[in-house]
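Colleague: The lines below spell out each chain.
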Amino acid sequence: MALKKKGERLMNITKNREENKLTVTVEGKIDSVTAPEFEEFIKENIDGVTELTLDLSSLDYISSAGLRVLLLTQKRMNAQGTMKVTNVNETVSEIFEVTGFSDILTIG
Amino acid sequence: MPEKSVREMNKYERLRYSLASRTFHTAVGGAMILGIVALIIGLGWYAYSYSSQLIKGAFGVTKNAQQIISKVVDPTSLGHDVMDLYRSVPEETRGDGDDAGYLSLYDSFTTREDYVQILSILKDFRDSSTVSDVYYAMYDEETGMLVYFADPDEDEDTVCPTGFFETATKKELNTFLNWNGKKTPYYIEKTDRYGWICTTGISVNNADGSIAGFILADVTLKEVGSGMLKFLLQYGISMFVLINLVAIFMTRHMKKKLVQPINKIAEAAEAYLKDKKDGVGVTDHFSKLNINTGDEVENLALIMADMETDLADYEDDLTRVAAEKERISIELSLATRIQADMLPNIFPAFPDRSEFDVFASMKPAKEVGGDFYDFFLIDEDHLGLVMADVSGKGVPAALFMMVSKILVQNIAMSGKSPAEVIKTINDQICANNREEMFVTVWFGVLDLRDGTLRAVNAGHEYPILKKPGGDFELVKDIHGFVVGGFASSKYREYELKLDPGAKLFLYTDGVTEASNVDSVLFGTGRTLEVLNNNKDAGPETVVQSVNNAISEFCGSAPQFDDITLMCLEYFGKGNTEMKEITVEAKIENIPEVTDFVNGELEKLECSLKAQMQIDVAIDELLGNIARYAYGGSGGNATVQIRAKEEPKAVELTFIDGGTPYDPLKKDDPDISLGADEREVGGLGIFLVKKTMDDMKYEYKDGQNRLTVTKLL
Numbered sequence: 101m102a103l104k105k106k107g108e109r110l111m112n113i114t115k116n117r118e119e120n121k122l123t124v125t126v127e128g129k130i131d132s133v134t135a136p137e138f139e140e141f142i143k144e145n146i147d148g149v150t151e152l153t154l155d156l157s158s159l160d161y162i163s164s165a166g167l168r169v170l171l172l173t174q175k176r177m178n179a180q181g182t183m184k185v186t187n188v189n190e191t192v193s194e195i196f197e198v199t200g201f202s203d204i205l206t207i208g
Numbered sequence: 244m245p246e247k248s249v250r251e252m253n254k255y256e257r258l259r260y261s262l263a264s265r266t267f268h269t270a271v272g273g274a275m276i277l278g279i280v281a282l283i284i285g286l287g288w289y290a291y292s293y294s295s296q297l298i299k300g301a302f303g304v305t306k307n308a309q310q311i312i313s314k315v316v317d318p319t320s321l322g323h324d325v326m327d328l329y330r331s332v333p334e335e336t337r338g339d340g341d342d343a344g345y346l347s348l349y350d351s352f353t354t355r356e357d358y359v360q361i362l363s364i365l366k367d368f369r370d371s372s373t374v375s376d377v378y379y380a381m382y383d384e385e386t387g388m389l390v391y392f393a394d395p396d397e398d399e400d401t402v403c404p405t406g407f408f409e410t411a412t413k414k415e416l417n418t419f420l421n422w423n424g425k426k427t428p429y430y431i432e433k434t435d436r437y438g439w440i441c442t443t444g445i446s447v448n449n450a451d452g453s454i455a456g457f458i459l460a461d462v463t464l465k466e467v468g469s470g471m472l473k474f475l476l477q478y479g480i481s482m483f484v485l486i487n488l489v490a491i492f493m494t495r496h497m498k499k500k501l502v503q504p505i506n507k508i509a510e511a512a513e514a515y516l517k518d519k520k521d522g523v524g525v526t527d528h529f530s531k532l533n534i535n536t537g538d539e540v541e542n543l544a545l546i547m548a549d550m551e552t553d554l555a556d557y558e559d560d561l562t563r564v565a566a567e568k569e570r571i572s573i574e575l576s577l578a579t580r581i582q583a584d585m586l587p588n589i590f591p592a593f594p595d596r597s598e599f600d601v602f603a604s605m606k607p608a609k610e611v612g613g614d615f616y617d618f619f620l621i622d623e624d625h626l627g628l629v630m631a632d633v634s635g636k637g638v639p640a641a642l643f644m645m646v647s648k649i650l651v652q653n654i655a656m657s658g659k660s661p662a663e664v665i666k667t668i669n670d671q672i673c674a675n676n677r678e679e680m681f682v683t684v685w686f687g688v689l690d691l692r693d694g695t696l697r698a699v700n701a702g703h704e705y706p707i708l709k710k711p712g713g714d715f716e717l718v719k720d721i722h723g724f725v726v727g728g729f730a731s732s733k734y735r736e737y738e739l740k741l742d743p744g745a746k747l748f749l750y751t752d753g754v755t756e757a758s759n760v761d762s763v764l765f766g767t768g769r770t771l772e773v774l775n776n777n778k779d780a781g782p783e784t785v786v787q788s789v790n791n792a793i794s795e796f797c798g799s800a801p802q803f804d805d806i807t808l809m810c811l812e813y814f815g816k817g818n819t820e821m822k823e824i825t826v827e828a829k830i831e832n833i834p835e836v837t838d839f840v841n842g843e844l845e846k847l848e849c850s851l852k853a854q855m856q857i858d859v860a861i862d863e864l865l866g867n868i869a870r871y872a873y874g875g876s877g878g879n880a881t882v883q884i885r886a887k888e889e890p891k892a893v894e895l896t897f898i899d900g901g902t903p904y905d906p907l908k909k910d911d912p913d914i915s916l917g918a919d920e921r922e923v924g925g926l927g928i929f930l931v932k933k934t935m936d937d938m939k940y941e942y943k944d945g946q947n948r949l950t951v952t953k954l955l
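In order, the protein sequences belong to chains A and B. Heads up, this note's numbering is the position in the first sequence plus 100, with the first residue counted as 1. Heads up, this note's numbering is the position in the second sequence plus 243, with the first residue counted as 1.
So here's chain A without its partners, still in its complex pose:
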């Protein structure tokens, strides 16, 4: 994986919705700068979703600002369905481990 170069877009989000199922793919990083955008995206797309999958295969890292959004999303999904996080890389996995998020999230 190459290092991101200056000026490159920091985060890219794509979605795939099939009825009640929503798959969100996040590329780049979720940090203080990008977390608000990520939060906004989830808010706009989560209504009526009962099965949410977050594909993090191309996520470089996530900071506490991003963890905050993940926690809010998990709380929301606990109320209306299920949520799964997939394809977590080593750096992100370690962050989940250290912060106890690996116990909160369903990682598959």
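Be a bit skeptical, because a hint or two may be false.
[What the hints assert, rightly or not] Computed from the model, here is a short list of chain B residues facing chain A with C-beta under 10 Å:
| no. | residue |
| --- | --- |
| 1 | V332 |
| 2 | E334 |
| 3 | E335 |
| 4 | D779 |
| 5 | V859 |
| 6 | G927 |
| 7 | I928 |
[Stated by the list, open to error] Where chain B lies over chain A, by a calculated footprint (3+ residues, C-beta under 8 Å):
| no. | region |
| --- | --- |
| 8 | 110-119 |
| 9 | 192-199 |
Think of the hints as simulated: they come from the structure by calculation, not from any bench. Quick caveat: nothing in here was measured; it's all calculated off a predicted structure. Backbone N, C-alpha and C fix where the C-beta goes; we use that ideal spot for every residue, glycine too.
Place chain B on chain A using the hints.
Modeller: Quick look at chain B alone, frame taken from chain A:
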């Protein structure tokens, strides 16, 4: 004895066990015993004298009766005649002695003139005296019977008519038969008829001196008994009254002479204690007692009064001494602070200098110490290092230490060579050193450009050096004489080369000579061992580790000498250039900083993972500064980056001018909670703590400085 102490007793129990009540009981009890013994003796004496008086009276009656009878008639003929008849009657006819038929044999005697006269005289004597009966009878030795001749008794039940006989033993009558004319003859018996009676009497003799009969008198002892009862009653009542009077008197006396004075002393003691608790200084509770009993109680009161005065004086002294001590203690703690402030004690000491890091500590054994360390930049490229130990301890050593410290720095700042510096100081101190104080000094000057160290050792411990990649080892350097010893001492200096990553450890003998409770010294061996166990750590950790090891080793043993340590790490020049970036503290400026740092990290061939973690740390720490540091009004944030060797690491310092805030003091979040209980936020610092290898915070010059180190 009471089961509980006098303190636990109520009012009535106290009264019961009081001295007065004990005195009363003792007096009553003693008098009772005395009274009973006296009563027994008195009763015995009474009974004896009363009955002997009765007996003597009765004997007199019989004696007088015998004399009168002998003058009027010849009583012997009646006696002989009755006895003759008695002996002539066969035993079977006699019967029990009260048979009417037998007694009728004697009817003729009752009309005889001598019988009538004898009976009349006996009757007169009986009526005119206290005896219950007086009669004329004879003892018949052959039959062992007492045969009656004449008995004036008028009671039909108890009268003994002439010829009547009853059993009498020789033993009973022996007193009469063998009477020698002295003492009163009598015998006492208990009879069914009369109860206790005493019989006394006198013989009536024939002309030839043989006994013809006895005039006998019976005295009942009933009156002795009733007299005794009366005596007992009178004696008892008067005794009871007397005993109580004596007891009351004794109790009153005791109360006045003993109990009241003791109570007064106790009250005074109580009042004294209360005053002492309330902090009253001078009291006169005991002195004003005025007890004049002239005995031990008065003595006790006087001693207590003396004690009161002496204690007041003693307290006065004590208060003065305590105040003096307090003053000295305050001055000493002030001196401790002044001394501590004399030594450079703010770390990091040279945050702007990347060529070296230094840390030191001084723990005085007493309030103030004689050890000192010092480090100072002589010029841009030269660092002066001092480790010294003044002879002695406490205030004198501290005063000498202050002088030495100022001299060393002042003279070193002149730029002279270390040997010249020490020589100058030695000459100055020796010029006026009547107290023969001296100081051991290790002084070195490090050239920060190339790591050349020029040093002089004036009687101090060997320095300890760690070369990059090697172990801490003693440097057996050239020693000169102590400073202050001889006026013209010469000092030779030597040179050491510190390569980047080298560490120099300096100390005083308080380290190696620290001893535990068994008087075992900490020693150079243990010092080297602790150093080598921490050989990759920075100067602060090295110094703290040695301090901790000494504390652990010494345990509860008191610290005898000042313990002073200093550690310098040399990084070298150029190799650790610092780069920094300053931005306005805003979220949107974080990527600019991240890009800048990433650019530096690339030069250091940083692993991708470490870089990601550093990026996260930047996001967290700068994010916090942007959100909270300036509380709405804007400000700048600076990030410095330094590369480190030995071990290879990168150091990032985040600086802001906002509200002082130490994020390291924040509690870690509870990461074991489930999603619904978890708080949003608070994870940032925790994440940085977990992914970085070291974090330090300081607030200096109005700036928050948070330094994180990541090993590469």
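Colleague: Each hint: holds or not?
Modeller: Verification of the supplied hints:
The criterion of a C-beta within 10 Å of any C-beta in chain A is not met by V332(B), whose closest approach is roughly 144 Å, and the hint is violated. The interface hint given for E334(B) is violated, since its Cβ lies 138 Å from the closest Cβ of chain A, which is over the 10 Å cut-off. Because the beta carbon of E335(B) sits about 139 Å from the nearest beta carbon in chain A, more than 10 Å, this interface hint is broken. Given the 10 Å rule on beta carbons, the hint for D779(B) is violated: about 24 Å separates it from the nearest Cβ of chain A.
Contact between V859(B) and chain A, as hinted, is supported at the beta carbon level, the nearest pair being about 5 Å apart and thus within 10 Å. With a cut of 10 Å, the hint placing G927(B) at the interface with chain A holds, because the nearest CB-to-CB distance is about 4 Å. With a cut of 10 Å, the hint placing I928(B) at the interface with chain A holds, because the nearest CB-to-CB distance is about 8 Å. As drawn, the region 110-119 of chain A meets chain B at 1 residues by the rule of a beta-carbon pair under 8 Å; below three, the given contact is violated.
Check on the region 192-199 of chain A: 4 of its residues sit with their Cβ under 8 Å from a Cβ of chain B, so the three-residue criterion for coverage holds.
The structure fails to meet hints 1, 2, 3, 4 and 8 from the earlier list, while all remaining hints are met.
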